[in-house]
Amino acid sequence: MKKWIEVEVEADVTDFTTQELREELIKREGTTSGVPTLGSEEHHPLHEIYYALKFGLTERATELVKAYVCDELGVVL
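Per this note's numbering: the sequence shown ends with 89, consecutive numbering throughout.
There's no promise every hint is true.
[As the list claims (entries may be wrong)] Here are the simulated distance ranges between beta carbons:
hint : residue 1 : residue 2 : range
1    : ASP27     : PRO57     : 44 to 50 Å
2    : GLY51     : THR74     : 21 to 27 Å
3    : TRP16     : ARG40     : 16 to 22 Å
4    : LEU65     : ARG40     : 52 to 58 Å
5    : ARG40     : LYS14     : 19 to 25 Å
6    : LEU69     : VAL47     : 28 to 34 Å
7    : VAL77     : VAL21     : 39 to 45 Å
8    : GLU18     : GLU84     : 37 to 43 Å
9    : ASP27     : SER52     : 27 to 33 Å
10   : GLU53     : GLU18     : 27 to 33 Å
11   : GLU60     : GLY86     : 18 to 24 Å
[Said to hold, decoys possible] Here are the simulated SDA-like pairs of lysine to any residue, each with C-alpha atoms no more than 25 Å apart in a straight line:
hint : residue 1 : residue 2
12   : LYS66     : LEU76
13   : LYS66     : ILE38
14   : LYS66     : HIS56
15   : LYS78     : PRO48
16   : LYS78     : GLU54
17   : LYS78     : LEU89
18   : LYS14     : PHE28
19   : LYS15     : THR49
Because the hints were derived from the structure by calculation, they are not lab data. Idealized CB from N, CA, C, for every residue including glycine.
Please take these sequences and the hints and turn them into a complete structure.
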């Protein structure tokens, strides 16, 4: 039988190395970039760009990249 207890812990972020923090983020989210992994259920514009490139749809990938850059920067090309 498992027993759960609640514990409060204080830690200073400087107690951990950047590599340790990166590894923990990857373990939790699968990525450190903020972009969900391809295997996740969450959709991201980079997924569509990836698949366009994967299937040789270069023109479509270029259109998607332009749209993504414009959206991220808040500009129009």
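Hints and how they fare:
For the pair ASP27 and PRO57, the beta carbons lie near 36 Å from each other, so the given range of 44 to 50 Å is not met. Checked against the given bound of 21 to 27 Å, the beta carbons of GLY51 and THR74, roughly 26 Å apart, stay inside it. At roughly 20 Å, the beta-carbon separation of TRP16 and ARG40 lies within the given 16 to 22 Å, and the hint holds. In this structure the hint that LEU65 and ARG40 lie 52 to 58 Å apart at CB is violated, the actual value being about 28 Å.
For the pair ARG40 and LYS14, the beta carbons lie near 21 Å from each other, so the given range of 19 to 25 Å is met. Between LEU69 and VAL47, the C-beta spacing of about 20 Å breaks the proposed range 28 to 34 Å. Checked against the given bound of 39 to 45 Å, the beta carbons of VAL77 and VAL21, roughly 43 Å apart, stay inside it. Distance hint for GLU18 and GLU84: a CB-CB separation of about 40 Å, consistent with the stated range 37 to 43 Å.
Range check, ASP27 to SER52: Cβ separation about 30 Å, and the 27 to 33 Å hint holds. For GLU53 paired with GLU18, a C-beta distance near 30 Å keeps the hint of 27 to 33 Å intact. Between GLU60 and GLY86, the C-beta spacing of about 20 Å keeps the proposed range 18 to 24 Å intact. Our distance criterion of 25 Å between C-alpha atoms is met by LYS66 and LEU76, whose separation comes to about 13 Å.
Distance check on the hinted pair: LYS66 and ILE38 sit about 24 Å apart at the alpha-carbon level, within 25 Å; holds. Between LYS66 and HIS56, the direct Cα distance comes to roughly 16 Å. Compliance with the 25 Å bound is thereby established for this hinted pair. This hinted pair checks out: LYS78 and PRO48 have alpha carbons roughly 20 Å apart, not beyond 25 Å. With a C-alpha separation of about 21 Å, the suggested pairing of LYS78 with GLU54 holds against the 25 Å cut-off.
Between LYS78 and LEU89 the CA atoms are separated by roughly 8 Å; this keeps the pair inside 25 Å, and the hint holds. At most 25 Å may separate the alpha-carbon atoms for a hinted pair to count; LYS14 and PHE28 exceed this at roughly 30 Å. Proposed proximity of LYS15 and THR49 is contradicted: the alpha carbons are some 33 Å apart, above 25 Å.
When held up to the earlier numbered hints, the structure conflicts with 1, 4, 6, 18 and 19 and fits the remainder.
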